[in-house]
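Taken in order, these protein sequences are the chains called R and P.
The end of the first sequence is residue 116 by this note's numbering, with every number in the run present.
The end of the second sequence is residue 224 by this note's numbering, with every number in the run present.
Certain hints may be false.
[What the hints assert, rightly or not] In silico lysine-lysine, BS3-like type, Cα no more than 27 Å apart, as pairs: (1) R:K9 x P:K197; (2) P:K211 x R:K22; (3) R:K40 x R:K9; (4) P:K211 x R:K40; (5) R:K40 x P:K197; (6) R:K53 x P:K211; (7) P:K211 x R:K38; (8) R:K38 x R:K19; (9) R:K9 x R:K22; (10) P:K211 x P:K173; (11) R:K36 x R:K53.
Simulated from the structure, these hints should not be mistaken for laboratory data.
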Amino acid sequence: DTEVTQTPKHLVMGMTNKKSLKCEQHMGHRAMYWYKQKAKKPPELMFVYSYEKLSINESVPSRFSPECPNSSLLNLHLHALQPEDSALYLCASSQLPGLAGNNEQFFGPGTRLTVL
Amino acid sequence: GQNIDQPTEMTATEGAIVQINCTYQTSGFNGLFWYQQHAGEAPTFLSYNVLDGLEEKGRFSSFLSRSKGYSYLLLKELQMKDSASYLCAVANTDKLIFGTGTRLQVFP
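Same shape as in the complex, but just chain P (with noise of 0.2 Å):
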């Protein structure tokens, strides 16, 4: 079966760092691609990684463990518009298999 987890809900402070985790276990694998959601809008693509390490890109960062079926995304200089839903996403051949999705709320 495919299984992507991901926190329900996370708060933090604006201008803190926060760190949104995903665990994996899919039959295959093609990578994994974090979205970000605001409510009632579109996914945007933020990151996609498909070799284990750390991507950077600007405030965002992602890493990748193939091994351990693990990912974080980490954002840094928390801003109030990075209140979103954050998801986590995993390529296995021609799909794309969402996680739970995080909801990120940040407080002034």
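Excised from the complex, chain R in its bound form (with noise of 0.2 Å):
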């Protein structure tokens, strides 16, 4: 299994909602990300887990709030999202912390969330 799966593919959501988006890879892989993408745009870095624990937070606002329950899981759990929130979410994963030696990042193919 070579491959980073993400659910829903899609979303809307209300301003007032709760949502979660999730991300699972089955690689063994120890490090998984997220990136916000607008269009035409390249991805953002947001979040880093690293042995599941969070080691980078891009100064993300606290709307978006992560959790890693275990090495083949990655949530992105969303409250009181603002319309210019709207983006595809992407989650990655990498065999190892760190991007030395060519330790290349799998992209999953992404939630696209529309907030009303």
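Combine both chains into one complex, guided by the hints.
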């Protein structure tokens, strides 16, 4: 199994809703990432988990709350989002934390989020 | 600061060769990745360079000059399916910093 899966594929939510995005990999990777990508822009890093611990938070607003229940799963909990948070949310994983030595990231297909 | 620049858009003809340039100025450097991203899909890994020189992988090659802060991706024998965005990304410790991306359109 060499893929990263994400659910749901699409999500529409109101500004008062609470929802979660899920990401899963079974490659034994010990680093997992959340990115946000707006249309026609490159992915922007949000969070990095290394060995199930949060290692990087790129000053993301608290209405986004990541969680790593185990080495295969990564969640992103959403609450009180704004319309400008509408974007493609990508999850990625890599074998080890750190990006030296061709430690490439494998990306999931993303969740397209629309906030009304 | 971190600055990674690529041309916004390029066009080319099927069967041709195209070179996509990337210049970078970053506070750290652990290598440079190229990713391909089709519209609405996830980025997929193409190549990685950490030492100066050319890395060849089938129809795709990538070049790096660390002293110049410069890389390029060379695509040969272009096919229609190569129409996509190409993202240059610099590895900086635990982070991957993406460039602005180049949207390539291949015409018959």
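Evaluated hints:
Among the hinted pairs, K9 of chain R with K197 of chain P is consistent with the structure: their alpha-carbon atoms are about 23 Å apart, no more than 27 Å. Our distance criterion of 27 Å between C-alpha atoms is met by K211 of chain P and K22 of chain R, whose separation comes to about 21 Å. Between K40 of chain R and K9 of chain R the alpha-carbon distance is near 19 Å, which keeps this suggested pair within the 27 Å criterion. Annotation: proposed proximity of K211 of chain P to K40 of chain R holds, straight-line Cα distance about 21 Å (limit 27 Å).
This hinted pair checks out: K40 of chain R and K197 of chain P have alpha carbons roughly 19 Å apart, not beyond 27 Å. At roughly 15 Å between alpha-carbon atoms, K53 of chain R and K211 of chain P fall within 27 Å of each other, so this suggested pair holds. This hinted pair checks out: K211 of chain P and K38 of chain R have alpha carbons roughly 19 Å apart, not beyond 27 Å. The suggested pairing of K38 of chain R with K19 of chain R holds, with an alpha-carbon distance near 19 Å, which does not exceed 27 Å.
Pair hint K9 of chain R plus K22 of chain R holds up; C-alpha atoms about 10 Å apart against a cutoff of 27 Å. Restraint check: the Cα-Cα separation between K211 of chain P and K173 of chain P comes to about 25 Å, which is no more than 27 Å; the hinted pair holds. Taken as a hint, the K36 of chain R and K53 of chain R pair is honoured in the structure, with Cα atoms around 20 Å apart against an allowance of 27 Å.
When held up to the earlier numbered hints, the structure conflicts with none and fits them all.
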